[in-house]
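Colleague: Sequence:
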Amino acid sequence: METLVGSLAGKVWRHLNDNGATGFKQLKSVIFEKEPAAMESEKLSMAIGWLLKEGKINVIESGTGKGYRITFELKK
Numbered sequence: 001m002e003t004l005v006g007s008l009a010g011k012v013w014r015h016l017n018d019n020g021a022t023g024f025k026q027l028k029s030v031i032f033e034k035e036p037a038a039m040e041s042e043k044l045s046m047a048i049g050w051l052l053k054e055g056k057i058n059v060i061e062s063g064t065g066k067g068y069r070i071t072f073e074l075k076k
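Read the sequence shown against this note's numbering and you will find it ends at 76, with the numbers running on by one and no gaps.
Please note that a few of the clues may not be correct.
What the hints assert, rightly or not - No more than 30 Å apart at the CA atoms, straight line, and that leaves these computed lysine-lysine pairs for DSBU-like:
#, residue 1, residue 2
1, Lys75, Lys28
2, Lys11, Lys25
3, Lys76, Lys28
4, Lys76, Lys56
5, Lys11, Lys66
6, Lys53, Lys25
7, Lys25, Lys43
8, Lys75, Lys43
9, Lys53, Lys11
10, Lys43, Lys76
11, Lys66, Lys25
Stated by the list, open to error - Here are the in silico distance ranges between beta carbons for each label pair:
#, residue 1, residue 2, range
12, Gly65, Ser45, 14 to 24 Å
13, Gly65, Thr3, 32 to 42 Å
14, Lys66, Gly6, 26 to 36 Å
15, Gly67, Met1, 25 to 35 Å
16, Gly63, Glu2, 32 to 42 Å
17, Asn17, Gly49, 17 to 27 Å
18, Lys66, Glu2, 29 to 39 Å
19, Met1, Gly63, 31 to 41 Å
20, Met1, Ile70, 20 to 30 Å
21, Tyr68, Glu42, 12 to 22 Å
22, Gly6, Gly65, 32 to 42 Å
23, Ser7, Thr64, 31 to 41 Å
Hints listed in this document are in silico derivations from the structure and should not be mistaken for laboratory results. Yeah, the Cβ is synthetic: ideal placement off N, Cα and C, and Gly gets one too.
Given these sequences and hints, build the entire structure.
Modeller: Structure representation (structure tokens):
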């Protein structure tokens with residue numbers, strides 16, 4: 001499991017590096033398309049947590065209710 005989550009964290013980091021800030025839903029779609037073995041949101045959430053713990057990404061929260069959105073970007 002740790003190997004898969006670490007691999008997903010690398011894919012998330014590369015996507016954010018190449019494409020800039022990305023919302024969770026879009027990130028999930030892109031990562032699952034490239035990594036079918038990661039078809040569980042929990043694994044993607046673990047990968048994002050890994051990057052947060054390492055201080056590699058920022059979380060941007062916006063909106064409320066149905067308009068609530070979480071976006072991730074690389075730390076500068």
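Colleague: Against each hint, give a clear statement of whether it holds in the structure.
Modeller: Against the structure, the hints come out as follows:
Proximity of Lys75 to Lys28 is assessed by CA-CA distance (about 20 Å); at most 30 Å being required, the pair is judged to hold. For the proposed pair Lys11 and Lys25, the alpha carbon gap of about 15 Å is at most 30 Å, so the pair holds. Simply put, Lys76 and Lys28 have alpha-carbon atoms about 23 Å apart, close enough for the 30 Å limit, and the pair holds. Our distance criterion of 30 Å between C-alpha atoms is met by Lys76 and Lys56, whose separation comes to about 9 Å.
Distance check on the hinted pair: Lys11 and Lys66 sit about 28 Å apart at the alpha-carbon level, within 30 Å; holds. Distance check on the hinted pair: Lys53 and Lys25 sit about 21 Å apart at the alpha-carbon level, within 30 Å; holds. At roughly 14 Å between alpha-carbon atoms, Lys25 and Lys43 fall within 30 Å of each other, so this suggested pair holds. About 22 Å separates the Cα atoms of Lys75 and Lys43, which keeps this hinted pair within 30 Å; it holds.
Straight-line distance between C-alpha atoms of Lys53 and Lys11 comes to about 16 Å, which keeps the hinted pair within the 30 Å bound. Only pairs whose Cα atoms come within 30 Å are accepted, and Lys43 paired with Lys76 is accepted, the gap being roughly 25 Å. In summary, the hint linking Lys66 to Lys25 is supported, as the alpha carbons are separated by about 14 Å, within the 30 Å threshold. In this structure the supplied range 14 to 24 Å holds for Gly65 paired with Ser45, their Cβ-Cβ distance being about 21 Å.
Between Gly65 and Thr3 the CB atoms are about 38 Å apart, so this pair conforms to the stated range of 32 to 42 Å. A hinted range of 26 to 36 Å holds for the C-beta pair Lys66 and Gly6, which are about 34 Å apart. For Gly67 and Met1, the hinted distance range of 25 to 35 Å is satisfied, since their beta carbons lie about 34 Å from each other. At about 34 Å, the beta-carbon gap between Gly63 and Glu2 stays in the expected band of 32 to 42 Å.
Taking 17 to 27 Å as the suggested C-beta distance range, the pair Asn17 and Gly49 conforms, at roughly 18 Å. A beta carbon spacing of about 35 Å between Lys66 and Glu2 agrees with the range 29 to 39 Å that was offered as a hint. A hinted range of 31 to 41 Å holds for the C-beta pair Met1 and Gly63, which are about 33 Å apart. As the Cβ distance of Met1 to Ile70 is approximately 23 Å, the hint placing it in 20 to 30 Å holds.
Between Tyr68 and Glu42 the beta carbons are some 20 Å apart, a value that agrees with the proposed interval 12 to 22 Å. Under the hint 32 to 42 Å, the C-beta atoms of Gly6 and Gly65, about 35 Å apart, fit the expected range. The given range of 31 to 41 Å is respected by Ser7 and Thr64, whose C-beta atoms sit roughly 34 Å from each other.
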